[in-house]
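Undergrad: Go ahead and model the full structure; you've got the sequences and the hints to work with.
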Amino acid sequence: MDKHLITRGVQRSPFWKFILWILPWGMLLGWGLYGAYLCLAEGLNQTNMDNRFAFGLWIYLDLTVIAFGAGAFFTGFLLYILKRHELKSVINSAVVLGLICYSGAIAVLMVDVGQPLRAWFTFWHPNVHSMLTEVTFCLTCYLTVLILEYAPIVLKNRQIRKIPSYLVFEFNLHKLMVVFAGVGAFLSFFHQGSLGGLYGVLRGRPFAFREELGIWPSTFFLFILSAMAAGPSFILLTTWLVEKLSRKRLVKHETLSYLGKLSGIMLTVYILFKSIDTLIWINSTSPSSGFPAFEYYDRAAFGTWVLFAEVVVFGLLPALLLLRKRFREHRGWLITSAVFVLAGVALNRFVLTIQTLALPTLVFDEFLSYLPSWQEVATFSLVIAYGVVLYSVSFRYLPLFPQERELAQSY
Amino acid sequence: MLPWVYEFRWDLGHIIFLGVFYSVVILIAFTLVRALIRAIRDFKNHRVDHIMWQATFEDLPTPVRACRHELSGEVANRTCPNEFDCRECRTHELFLRKNPASPGGTTPRASGEEQLFGLSFPLDRYYDRGHTWVQPDKDGTVKVGLNDLGARLIGSVENVQLPVIGSRLEVHGTAWHVTRGGADTRILSPIEGTVVEVGGPGKGWYLKVRPEGMETAVRHLLRGAEIKPWLTRELERLQFALSADGVGMSLADGGVPVEDLPKSSPKTDWDAVWGEMFLEA
Amino acid sequence: MDQATVKQSRYGMAIDLDRCTGCGACLMACAVENNVSPGRPTVNERTGTTWMRVIEVQDGRAFPAAETAFIPMMCQQCEEETPCVSVCPQNAVEVDPETGIVGQIPQRCLGCRYCMTACPYHARYYNWWDPQWPEGMEKALNPDVAPRMRGVVEKCNFCHGRLHDARAKAAAKGSREINPTDYIPACVESCPVQAITFGDLNDEAADVARQAKSERAFRFLSRLGTEPKVYYLSGRSWVQRLADRELARSKKETVHG
Amino acid sequence: MPLTLTRRDILKFVGGSIAGIMVTPIPWKLLDDVSIWTQNGPWIPKVPRGALTTSFSTCALCPAGCGVQARCVNGIPYFLSGTRNHPVNNGTLCPSGVAAHHLAYHPLRLKTPVQVTRGNGTIEVRPVSLDDVLRKISVASGNSTGAKGSLALLDQRPGRTVSLFYRKQLARHDHGIYLVSPTDPILITQCLDEMAETPFGPVGYHLENVRTILSFAAPVLDGWGTPAQTSPMLRTRHSSEQNAVKVIQIDSRHSRSAQLADQWIPLKPKTEAALAFGIAHVIIRDGLYDKRVIGRRIPDFNIPGKHSYSDLIGRFTPDHTSELTGVSSDVIVSTAHSLVARGPSVAIGDGDSGGGPLGKEAEIAIWGLNILLGALESNGSIVQRREAPVPEGFSSKELSPVMGISAIPDHSIGLLLIDGSDPGDPLPWSLLERKLIPRQSLVVACSPTLTGLAQHAQYVVPTPAHLEALTDIPTIVSSATATFSISAPLLKRPEGMTDAIEIMAKVFETEGSMEDLLKQRTSAIFATRRGCVFKAGTGTTVPITELGSPDEFWTELTAGGMWTDDPIRSKPFFQFHFMGRAPDAYQRMLDAGEAVSPLDGPLTPEMLTVLPYGRRAEVGGAQLSPLMTKLYQESGLHRSSKVAVLNPATAKKFDLVHGEQGILATACGTQKVGIRVDAAVMPGVIEIAAGPEPIGQAGNEIVQEQNILELIDPDQALPWRAFRATLRKA
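Residue numbers (the numbering used here), protein chains in the order written: chain Z, 13 to 423; chain U, 2 to 282; chain X, 4 to 260; chain P, 2 to 731.
Source of the hints: derived by calculation from the structure; they are not laboratory data.
Given the structure is predicted, the values throughout are model-derived calculations rather than measurements.
One or more hints might be untrue.
Claimed, not checked - Simulated crosslink set (DSS-like; lysine-lysine; CA at most 27 Å straight-line):
hint, chain 1, residue 1, chain 2, residue 2
1, P, K654, P, K730
2, Z, K15, Z, K100
3, Z, K260, U, K268
4, Z, K174, U, K45
5, P, K643, P, K730
6, P, K643, P, K653
7, P, K507, X, K172
8, Z, K29, U, K268
Claimed, not checked - One-sided and incomplete, this derived list gives chain X residues near chain Z with beta-carbon spacing under 7 Å:
hint, residue
9, S89
10, C91
11, P92
12, I108
13, M119
14, T120
15, R226
16, A251
All C-beta atoms in this analysis are idealised placements derived from N, C-alpha and C, irrespective of residue type, glycine included.
TA: In structure tokens:
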């Protein structure tokens, strides 16, 4: 039925199957839209956030997906600037993932702020000392870049490419991709960092506050590193997932294992610095502001196990696994460690966003709990559903994996 | 945001931050505009067909992009860097100079039948990778037609859209379209020139074209000893393409394709097969 | 007169916790003065808006020994590294260099609530609902303070409306020095036991400056280095130890060991 | 050459100028200002603009009668503060007073007379005409003159001039009853009259020369006296000042006064009498009293061959008292000693708004303690005072007596009229209801809002709200001398509001106007030429003799002024019966003392003891500014009637969790409450406020107030300080 839209030489499941797959996600999407609508129309009283828990599920989501989306800029950087051609076979997929993550994050942010119509004030009266300003500027720019990177892929669709003007434009745009890759890398570097800085600068929240290196708190750099570690793993995982779901080989194993290696290296560096940072924080930064660090882990909910899980189980362990060729070659190990890497980064973002707010500051504060309302969850799942749908459509109608055709023949 | 907007301060922070931001924005905009301008320029210079072929070529699997000198065994492994256009290819010239006997340099015989795997591939003409042939005439024009394999792949087509007389063809631009059932494809033009007469499936040739400068116009086309190794690969590819979609149709009797493949196996996804064989993405 | 010759003031408060009885008059006066709207039926302690909030704390001993103190908690007007100012993406939070008061510009706030996470005193409040007054009550609003709308953050600004009036009064007299008696925040005015002292910390003669220097004086979370301009006074050691966790802990240990 | 303009030139010019303007600040600044100043939605009310004025009046929310200074815009008050130097509050206000100007906008404000029908949980109101109501009343009053029962008037603010008017009319009526809330001071001083050989008359407190206050669960530091009296004590609470007043709070509840007092002595609920006896026992045992005086003053102190006070007290040894009250014997002893050592001392035993009265016997026991402590001696802190002079025809013999609820037989009232200007002293409806003749009685309330008892009436007539009404403020019980002030309206009353007096006048077929009445009263006061007058405008106090005419006096009073009587020097000699003059006094006092606390009551493990409490003017919704949510909903400073507070141990035992919802149940009903754990609360009890209620309007339908006091079993209701109930998870 939609054969004439599908790239030549690749096999795609019949249309009805595709619809069956999309349908549930579509419904989730609808539900999410309703939730988001309520939050916009009725106000944020629809959420379970409050004056004490001013950030909730959404900010956590933003930080996490943006970390995962880092694959787009990192791969682009390696491919176009450092000319690592083994990544050519995943770059398209990476770009789509990046686009999904970033557009999703920004959409949620627009629901999260109380006055979305005033969002442009940030550009109009920017406070250049605020991490959030940095984030806003970089995100908007980078989203534009991602769209420009996504456009050529769309134009490569079998029907669209038949239109000469599009194809010619795509052709020329693609020639300039190196510029976008460069800009993307530059922007990402800053907003990934600023997202870390977001909490690192909170002097009033010694659990999150970190000493400054130059003009940025250490979390600025930790976030960049952890994002660089998460990005490749995310691409790796999604690619593997798509292969499983579509029952096709899409990329050579070398590519996946190379992604794993990247992840492993970045993660090792990250964990190293993270550990140093943690030690400094526990022994100096926190106590000097009147907060004995161990008290943070007094709470039943957040014991020291959190720190252990973050640094060792989901940090050191996958790092070591990914550094060893033997494990990388083995699919099972590769995928497992990728999952661990992502879990680690997700946990890190959770600790920074949620635990920071749950912990008391004043002596007579209570330890707070927070459970998102269904509207928040809906808006959250809106992004997930939107991502799945956009990716599925892209995978079906656009040449996401250039190697697919070749691999199909080399069977 | 801007110097005269409330809250703007002339401090280092503002200048650096906004400076960087504006440069990024300008860079993005500039690059975009640049791409547009280039695109327009390409249109002006009629490079559309060329670019379309180039884009297609990039998406072709590596084995298909093999250099003619790899086919002829002169070099072990070489992928063509200029989209099968040897006219300006320095390497091609070098090969010819190094080895005058190189099949790439020969000119077709005056006449003669040639049977390859039960397909007729007369050696009196040039062949293009898009399964077309070019036969020069005395009057300086050339006939362009589908080769035997191409003809059998297409079979008795329902609908052929040929270019109007006087229209211009680019090398590996679109020569004509054929459609049959759900399948459609464009046939790559093997040669550059002006259409002077149109034929069709019945006539045995499709187009009469007047090229500029015969010698260079056909330089990139396969000939003589180059044909067999290429055809061998093509038949392999065909075999695979047919088996790929699971209908399990195979080339009939001892590897000789039947007259009208589509007729003999209607279940096969001919759109895919055509795309594969006529080098369409 | 030009900027240079205007006296630079640092307005601050000293709150005597040994006097405070937790009656809540300050809290109400604050809400009345600043046109804070009544809470919705579903409002609770975490979604409500109380620029001035009086917190009841106990010394942790059990019945019948437990001792109680009441801590009026509002924006502490941090002077250094003011956490909320640096984080606001669009300059909706600013420190007035002339008064040292941390101001909030609701018209420019986009409600990202970053400043709220930044504030260790939880002194910032978000308008989860549009303000709503019973029919006719809008006629009884304070003419000097504009109500805020849904989706923006607000907080104590030492009764900016009153500062404005005081300045107007001074201007009428052709001076830029405002008379201290003209500028008294609502909570200070309404405290039945005069537990709150307000004034210019730069003015040596002012009570507040003297009290800030007394040995009973302390500030909450002073080790964060944000130099709050709100001081608290108490002669009770357990109350003073509430200042930060390190102190509170030192007590625990002496108790246990 | 001639200048010719082509269209092209014009376009160029326009385009050029636009481009030019873009590089000037103009468009950007414009956009900027727009962005900043267009940010308030049109649905956000604009603040009023207009003339700013200041006017004075007196707060009528509670008996204290604080001076109020109102800042007004267009004549409408927008900020209230205490009147400077005012003898009652000296420039301060309580939180309720600060927001009192909102009461006119109460969501449950009535605009017309209504007929009330109570559904389950909600209330329907149907507008009716005033005449309809009056017709109903006249029919019912016709009945109530006959066998159909009596006509009762419940005065929620006794002691006002209009109260005298009511009592006069009721006295004329055959079956007229003048009813007041059981916590009313008048009833409590009646106990003293019961003890005194000759009536003692109104009681006042001279707190200026007190050094120790022994409070029996009275909210001494939280609304009992006037701010002017309590603020000094509160200010010096933690100071090392030698003659700072020491407050010892005897209270089962961790009440605000208990929190603020210098010493808190928690005792088992309802054992106040026993503790009073116990302390008296020590004083007498150790001979810490003035034997000469007591000997002469107390007929029943020691009667040979007859049960006497000393016999009674003799039984309450510290150990025995300790058993009864749960207060350790040495605390009892030390308290007794410090009362004497740190004299002058006074024991205060009024009830409180939430907990209600202590009970007659307990009151008598406490008065006895006061006599032992010499508080009623000529230099003592309890004084006899005069009433503010009354006009002709209002002498006490012309007035019907003041009755407490317990003095009225069940099912006897045919027509109940409620003057519901509610001071926040709650009277549980269940108590009132059983006095009515079932299905035949008519209840009509005069109230500005559909709150409190008005919710239980069949008809409610809207009266002017606080600061709309003209009313007078009687002398507060804690005042040593008579005072008189007037709460003059600061707001114009809306159409259709009727003063309660006008309704009552119609009922009694007579004339009555608030203004005339008050003018008579002020003239009467002025005529005596006694006392002095506080002028709000200047903040000064001058002898009344300095005022030229009653009108001038009136003007001062209606402008937030206040009249204060001269103290009476001579204190006539009194004889007191320590146990009261009733024949069965001994037995009754003994029973009261030996009474078992509900805490030790029949041991059913799931039973807890509920201790209601509440701040005056916050119990009952009538006097709650909508803004009071700040205190009891948006911050935990005051607890609403929806919060039950428990000791952690108790909560653990009943596995109730802090922050969860629970169901409180007695034989008479259930109530949903939020559970809060507090280490300072007595184990085994539930502390729960008798108010405030969250403002009772959800959308258009009015939600019934569910006061904790409604759960009291009317049979064991008085006093309702403590009762048994179960609390389980919701």
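Undergrad: Indicate, hint by hint, whether the structure satisfies it.
TA: We went through each hint and held it up to the structure:
| no. | hint | result |
| --- | --- | --- |
| 1 | K654/P to K730/P | holds, 13 Å |
| 2 | K15/Z to K100/Z | holds, 26 Å |
| 3 | K260/Z to K268/U | holds, 23 Å |
| 4 | K174/Z to K45/U | holds, 18 Å |
| 5 | K643/P to K730/P | holds, 14 Å |
| 6 | K643/P to K653/P | holds, 20 Å |
| 7 | K507/P to K172/X | violated, 53 Å |
| 8 | K29/Z to K268/U | holds, 21 Å |
| 9 | S89 | holds, 5 Å |
| 10 | C91 | holds, 6 Å |
| 11 | P92 | holds, 4 Å |
| 12 | I108 | violated, 9 Å |
| 13 | M119 | holds, 4 Å |
| 14 | T120 | holds, 5 Å |
| 15 | R226 | holds, 4 Å |
| 16 | A251 | holds, 5 Å |
The structure fails hints 7, 12 (numbered hints given earlier, in ascending order).
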